[in-house]
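**Student:** Next come the chains, spelled out residue by residue.
There are 4 protein chains.
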Amino acid sequence: MFNEISSLHEECGVFGVWGADNANYLTYLGLHSLQHRGQEGAGIVTNENGKLHSYRNLGLLSQVFANKQRLYDLVGNAAIGHVRYSTAGENKIENVQPLLFDFTDEQFALAHNGNLTNSITLKKELESKGHIFKSSSDSEVLMHLIKISTEEKQIDKIKDALNKIQGGFAYLLLTKDSLIVALDSHGFRPLSIGKLNNGSYVVASETCALDAVNAEFVRDVLPGELITISDKGMEIDHWTNDTKLAFCSMEFVYFARADSDLLGINVHTARKRMGKRLAKEQPVDGDIVVGVPNSSLSAASGFAEESGLPYEMGLIKNQYMGREFIQPTQELREKSVRQKLAAVKGVVRDKKVILVDDSIVRGTTCAYIVRMLREAGAKEVHLRIASPQFKFPCFFGIDIQKKSELLASHKSIEEMRKMFDADSLEFLSEDGLVDAIGLKTDGPDTGLDLSYFDGNYPAYLYDYAETDA
Amino acid sequence: MFNEISSLHEECGVFGVWGADNANYLTYLGLHSLQHRGQEGAGIVTNENGKLHSYRNLGLLSQVFANKQRLYDLVGNAAIGHVRYSTAGENKIENVQPLLFDFTDEQFALAHNGNLTNSITLKKELESKGHIFKSSSDSEVLMHLIKISTEEKQIDKIKDALNKIQGGFAYLLLTKDSLIVALDSHGFRPLSIGKLNNGSYVVASETCALDAVNAEFVRDVLPGELITISDKGMEIDHWTNDTKLAFCSMEFVYFARADSDLLGINVHTARKRMGKRLAKEQPVDGDIVVGVPNSSLSAASGFAEESGLPYEMGLIKNQYMGREFIQPTQELREKSVRQKLAAVKGVVRDKKVILVDDSIVRGTTCAYIVRMLREAGAKEVHLRIASPQFKFPCFFGIDIQKKSELLASHKSIEEMRKMFDADSLEFLSEDGLVDAIGLKTDGPDTGLDLSYFDGNYPAYLYDYAETDA
Amino acid sequence: MFNEISSLHEECGVFGVWGADNANYLTYLGLHSLQHRGQEGAGIVTNENGKLHSYRNLGLLSQVFANKQRLYDLVGNAAIGHVRYSTAGENKIENVQPLLFDFTDEQFALAHNGNLTNSITLKKELESKGHIFKSSSDSEVLMHLIKISTEEKQIDKIKDALNKIQGGFAYLLLTKDSLIVALDSHGFRPLSIGKLNNGSYVVASETCALDAVNAEFVRDVLPGELITISDKGMEIDHWTNDTKLAFCSMEFVYFARADSDLLGINVHTARKRMGKRLAKEQPVDGDIVVGVPNSSLSAASGFAEESGLPYEMGLIKNQYMGREFIQPTQELREKSVRQKLAAVKGVVRDKKVILVDDSIVRGTTCAYIVRMLREAGAKEVHLRIASPQFKFPCFFGIDIQKKSELLASHKSIEEMRKMFDADSLEFLSEDGLVDAIGLKTDGPDTGLDLSYFDGNYPAYLYDYAETDA
Amino acid sequence: MFNEISSLHEECGVFGVWGADNANYLTYLGLHSLQHRGQEGAGIVTNENGKLHSYRNLGLLSQVFANKQRLYDLVGNAAIGHVRYSTAGENKIENVQPLLFDFTDEQFALAHNGNLTNSITLKKELESKGHIFKSSSDSEVLMHLIKISTEEKQIDKIKDALNKIQGGFAYLLLTKDSLIVALDSHGFRPLSIGKLNNGSYVVASETCALDAVNAEFVRDVLPGELITISDKGMEIDHWTNDTKLAFCSMEFVYFARADSDLLGINVHTARKRMGKRLAKEQPVDGDIVVGVPNSSLSAASGFAEESGLPYEMGLIKNQYMGREFIQPTQELREKSVRQKLAAVKGVVRDKKVILVDDSIVRGTTCAYIVRMLREAGAKEVHLRIASPQFKFPCFFGIDIQKKSELLASHKSIEEMRKMFDADSLEFLSEDGLVDAIGLKTDGPDTGLDLSYFDGNYPAYLYDYAETDA
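Chains as they are written, first to last, in this note's numbering: chain A, 5 to 473; chain B, 5 to 473; chain C, 5 to 473; chain D, 5 to 473.
Do not rely on the hints blindly, as some may be mistaken.
Since the list gives no way to pick one copy over another, a pair counts as held whenever it fits inside one copy or between any two copies.
Unchecked claim - With a straight-line Cα cutoff of 25 angstroms, these simulated BS3-like cross-link-like pairs (lysine-lysine) come out: (1) K151 x K128; (2) K422 x K395; (3) K383 x K199; (4) K161 x K128.
Bear in mind the hints are in silico, worked out from the structure with no lab data behind them.
With these hints in hand, go ahead and build the complete structure from the sequences.
**Tutor:** Next comes the structure, spelled out in structure tokens:
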């Protein structure tokens, strides 16, 4: 899957820190390394002795803070930050996170990665009681639930509220005196904790953000945990004990950055294993192995290593591509692909090319890439996909919620092969994927959410139960 | 050499087209694929029935034409364009090309890739006659020489002027009725001609730009050629017959895009051969081979293939890095590197890493990358450079003109190894480089300018003869 | 009072239209003529067949819609718009109006000119019930009150909510099928209705906005009225019958544009009468009469006419002054005044100048203007203020809510005269002001809110009752 | 003439200072007060110990230096600056002044207000010798002439060059060690010298700029003078003794700011006298006198004073109008006028209005203003123009060079009256204008250039001699 123009996007990345003088700058660095998880908007809220300061806007982090004064103004020694992806209709500043709530007597900020499956129902209930929502994001529901909780203590209000929401979520909450971290009961989304040299804690969607701020990895946040970081240190609690790990397998396949470790497993290494396993499962007679840059290069090099074929740069990505060139129509999208991606004639001419891609979602650019390789002189193009057929939508944090958008849900492999004009097309098996990821669990469970491929959702879908999933 | 923050920059990329309805858009696409040759400024001049229209500004092409109307306004069916790199002091809009000359009775536009070695002398002579220069670019000298030529015909004036300048140059001139192309007598800089479906000619610094506009490669421009493209087709002439090919070897090592063919040789493939040869010349006991992204990945994969070691993604580049983060001080530069480049802990931990870089110029980031790998847990770091020691400045189109800026000119290999804290450091031999490039020439000459490594300049240096070269 | 740098600012201007194809453009024109009522932010919400579209941002209207596509995108045939002034701390985009509420089952937009005196109490009550506010503007309270009303019909919910708020307000509400207009029970703020050629209704804070869209004046909105404009025409109702007119006298003195008619009285003409009355009440021996541009020119010409002295341009305002030059410190403010305002040496030299200003609030620039005139050679400077001493803060829609900020509240006339270094200083009497405005009422009441001058507030102050008013 | 949308524009304003620490800021202030003389572009060049620094761009001064760092970077204790008006076709950054010339061995900056009448001929001659112009501005010709002068000393080169150019000009030249000031032999354009508190000299197009920087007026620059200001003080020389004063009468009528003194005469006062004289020459039975804001308010108040009629604000100008709203078509221009200018219904309704305008050039907005007054209820509209019929183009510094653009050149007064739908239309006589200005000269000459009205050009027109003048 050629990443920037695909239709599959992570909903967000989050970062938080408590107890560091340059909380604003650390959060900037952390978010910068999480930019691949969301490019539509970014924001940071800092805590200066209990007073929260905020800035957020649409665009890449570097655009949002192009005026550096915006960042300098966010003083304080604690912060949370967010990078966001959103579907077109919701792409407005009100939805950019962190959401900051200015109550008469307190302030509260919230950053969320994931998707709630009962937020529509909850929102309607709250509106019927006169509640007004400031955003159209599902993330805001939690705040309303906290405010109407009849519990006494704030932490109990939060537990109360967390027990009312369903779905996938990694929440960071910033209050006047703490940074609160919560993960859903299945641990759908990644969330890790690190420690700075000065002993302060940071939390981030991926470990690459811990590296970005020179923090040492401490532990991953586990399903159902509710962690409070404050001047008193880190306190680990649970909002539920009814948990069962079902970590998003697509984080390994596509979303996460290659240098991150997810549940202790390095992503590049896992992808390379996917490529090796794919080479074993679906070998093919070819001259060279080519990966779709950048997301499929690890899998491609694994395929090459296993098959003993040369790994070649048969496609090259233009590194000076801005997002502004993403185009609304198919025709313009093709031109856009040509601007982003080029076949290397001198490499692929007269060659039997094994093209490795990480996944096929809508398949819109796949056909184009095969054509580009043929125009560049490739004799044969064999497509190998380093994950199983993507047939079922996700409801726990990815923005594809319609089966009809997923090519593999209504096309056979042979139909897709023809559509792409490839000489052959094969996918990694689900078992192969599980083995390649190599997550160790105590019982027979894989600990992974593989519903993309088999439709077995680890949790009830609530508001989405009646959709075409 | 980690490309975006290095100190070595190509002076420019040029693109031209004659006879295409969407000359503006084609030139935009062509320049976009040449953006790696210059990121400081960009411009396009179009020809609408003899009337020239121009827009240029500082910044990346996509920034210069962020307001798309700027591009739409450049109507006409012929165009030349330019992307520019410049040293800091000269980074002003007056120097952004193409330069457009509005004479009372004619218009003339000019785009130049290269560096003239006698421009200072020529400029002083012209100023002493009362001439006024509109830019501080050496490129403008040619126009003044054309205007004072006593020849009758314009083409003879141009020949006259070309015979007065020395150095490396690829010139595109746009007049009311033609696109004129000239290459210096050594062919220092690359320049290729292609043909569109409709039979129109395009010319570009690299073949990747021909691919970008779907043009078929026709031929490379040869040393001393003066080519006129007009409604009558392409006419090939010479402004001198005293020519001797000395093509810039650094184009193969670093500058050119991996998918371009230079003198018929694919760049990625040549780089892979450099890596293979390096593995033969300087083998080392290691666990994995890691390339500095993106420019050294080809050489690294060649090294891995030859040595039979796994090629791994031990360094990852953040693709969301804007140029605005380039920093003036060493300390900020290191932070900037951390933002751009990260070591992949999960890959390099406890490994003997063979780190392949394409070249060492100032060496400023090399030490930092080794340190990053060690912090990420690498047991050993063996540095292998896929080109010889870069000891001598360039005067034919690259912006390093001071020997003191070149680390290898005043440090031994062992001194550099210590400085970088590498376990070993070795370079490709000059013979190895020549063989890896594999340019076929009729005689004993290599056809390459290798002066970077041995100081044997293929041409007299004129204004620079007394410098510390 | 030299308007742009003074400390007295109207809270807002509102405009609405129902049933016109180019509702967006009409609202833009209307707001443009109301720009003097607020320069900190602007926004427009349109109604396209029941669907509301919105754009708002900080800055002048022309800056907010500098990208004209922003305006074109606001399709629909009904709209409300708002220009906003705010105090510094609240100057953020969340507070820019119209506020748009996206409920699951309906949309609602709201624009407000005025100030609620019990909003703090109401907001706290609502928050204690779990309500979350999206802005820190008092205007939003109304929406929450509408949502929690137990009435059945929307119009009854609105009446219910209006009966809970206190203070000065002119509200425009845009729903899927109507434009609803409400004025407080004292009619503190101006609000007028006009009719376009096509029979559609428009509503605006001042009649100058009706003129701007070529609408014919129909009537002023009266205290306590609740007017619904829809496809069925205009329906006039009341949300309360307990009304008593107390129209803001400062609208006549300073706020309103000279070409507007307030309650049927032309503002320029009223101001000219203030100047005439002032000349009668406080005559002085002078050579020329000079007004502080632009707000005091009407009064100055009236003073000149009555006194038989020449009306001269002794001060000139730089029309190319942008708001960006307003400065935070006194020193910079003086330099800023010099950039905005200059004394005309050729006019004032050796003259006894009668300087007419409309009012003195903080008095910060007054001293500077007198000094400027003296430096320009004025022999004497007699200051005449065309309104009474401004001693008491306003709580019904102007942003001065601290007595300490009002110079006349703690300085005698003689103290002020010395402070300004004027040869004499006199104010218009309160009776003089009332007579000059000339509002006809049935009973003995003036129909005006004169509390600025005498502290007799026409309504209870609720949350402000304990302030230093 | 309603100023901002009229077709008559001054070509420029210039400002210079030598020997002041904050030369950049003083020049900014000076230019700001000269902004009415040109709004298309602005620039400043400073001298820091002989090294010149420059910034210039299109737009208003406040836009050009919106990023204040641009101004701070212009260090040094001497400077020249320029605000520019240009015709559409030439509105490009290359033409924005001051022009900075970077020669190999020296730097030179130049700012020019005026128009050369033989620049086309000179430019062609220079180009035929191989010279290349960096701008399409006539101002640059002088620099080329200086460079080709065979004189030894720089000041003699400059004299040599000045003697070759014809037309109207006020030149400021900044060199490494001096600020050089030159005025044409007729003194067409205003230029005055002032002195700062610290004894340093400043020079400016109008005295309002001297006031803006708190400088004391010293003297006007006289025709043919060549003044050198340096660390040695001010040295007054002449480049020619063949001089004859013919000061531009339109500076008094329209261009100059009301607070400036031209040749010792205050502009507002002169305009008021024009209005008085007009009232005597062309009395009319009316109720009120209304001026077109802002340029005609002085004349209108003079008319009112003389006629004993009330001076009223019958038209109001929106002070929040940005230039971005100037529109290319007549229809849009009318809408634009409505946004800028409104009739005050409450003032003009049922009144016989005497409308005073300063001049009629193209007459495009005049008809519209009369219509606006009638729509606002004016019973009669009598148009009185405070200058004679404008029939002949200007070639000495104003951008109207085509007779056909001047309404009065091809329409009788009665034709114009009908076109404007005015009840009457009358102009001030030429004698009346001369008397009102009141310039004292030794001989019978008026000392004024009145060619606009009578076609008697004070100098030969050279390149323009054959035009339809």
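**Student:** Could you tell me which of the numbered hints above are not met by this structure, giving the numbers in increasing order?
**Tutor:** none
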